[in-house]
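Asker: Sequence:
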Amino acid sequence: MKILPYVLISLLGGAIVPLQLAIVNAFRESTQASQIQSTFYLYLGGALASLVLSYVMSGGIKPPMIENATWWMWLPGFLGSFYILFMFIAAPKIGAGNTLLWVFLGQMYFALILSQTGLFGLEVKAIDIYKIAGLALVTIGGILMIYGETRVNG
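Each residue of the sequence shown is one higher than the one before, counting from 0 in numbering that gives the first Met the number 0.
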């Protein structure tokens, strides 16, 4: 059970996402900010939290060795803005649960592609029947959830 602490940390990280979605949606509604403005403020808060955590956990911030980074290594913040924006667009229409499930499925499908190909320096991990079956079951669950939502809400 050496992995149990990491599973629990992952669950905690996953629990933060719907909380984040709900809070930022409340922010958007109460301030009349647009979805993209709300995303900006979310990332501004995240930058401040990262600054504080960097000092607490590492004793400060050291400048990155920019000459060692290729252009695509600067994309995560840019891509993250779209990740949050897309969730904010979808959640009011299909609900937080459905949104997060389909976001999760998108992450899992793309993670399998990244793992299988070793893109961006990831260790290559073969796709096996267990991964395919697990992903298929979650996908079926997602289809059932969306079907149930459309039956109830039209």
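Bear in mind the hints are in silico, worked out from the structure with no lab data behind them. All values derive from a computational prediction rather than experimental measurement. From the three backbone atoms N, C-alpha and C, an ideal C-beta is built for every residue, glycine too. Some hints could be false.
[Unchecked claim] Pairwise CB distance ranges (calculated):
1. S9 <-> I131: 14 to 24 Å
2. M56 <-> V16: 37 to 47 Å
3. Y146 <-> V55: 27 to 37 Å
4. G147 <-> P17: 14 to 24 Å
5. L136 <-> N67: 23 to 33 Å
6. M56 <-> G13: 14 to 24 Å
7. I131 <-> V55: 34 to 44 Å
8. S29 <-> G58: 17 to 27 Å
Asker: Next step is simple, just say for each hint if it's right about the structure.
Answerer: Structure-based check of all given hints:
In this structure, S9 and I131 meet the distance hint of 14 to 24 Å, their C-beta atoms being roughly 21 Å apart. Separated by about 22 Å at the C-beta atoms, M56 and V16 break the suggested range of 37 to 47 Å. The hint said 27 to 37 Å for the Cβ distance between Y146 and V55, and at roughly 46 Å that hint is violated. Take G147 and P17: their Cβ atoms lie about 18 Å apart, and the range 14 to 24 Å holds.
The supplied range of 23 to 33 Å is broken by L136 and N67, whose beta-carbon atoms lie about 41 Å from each other. Checked against the hint of 14 to 24 Å, the pair M56 and G13 passes, with Cβ atoms roughly 21 Å apart. For I131 paired with V55, a C-beta distance near 41 Å keeps the hint of 34 to 44 Å intact. Distance hint for S29 and G58: a CB-CB separation of about 37 Å, inconsistent with the stated range 17 to 27 Å.
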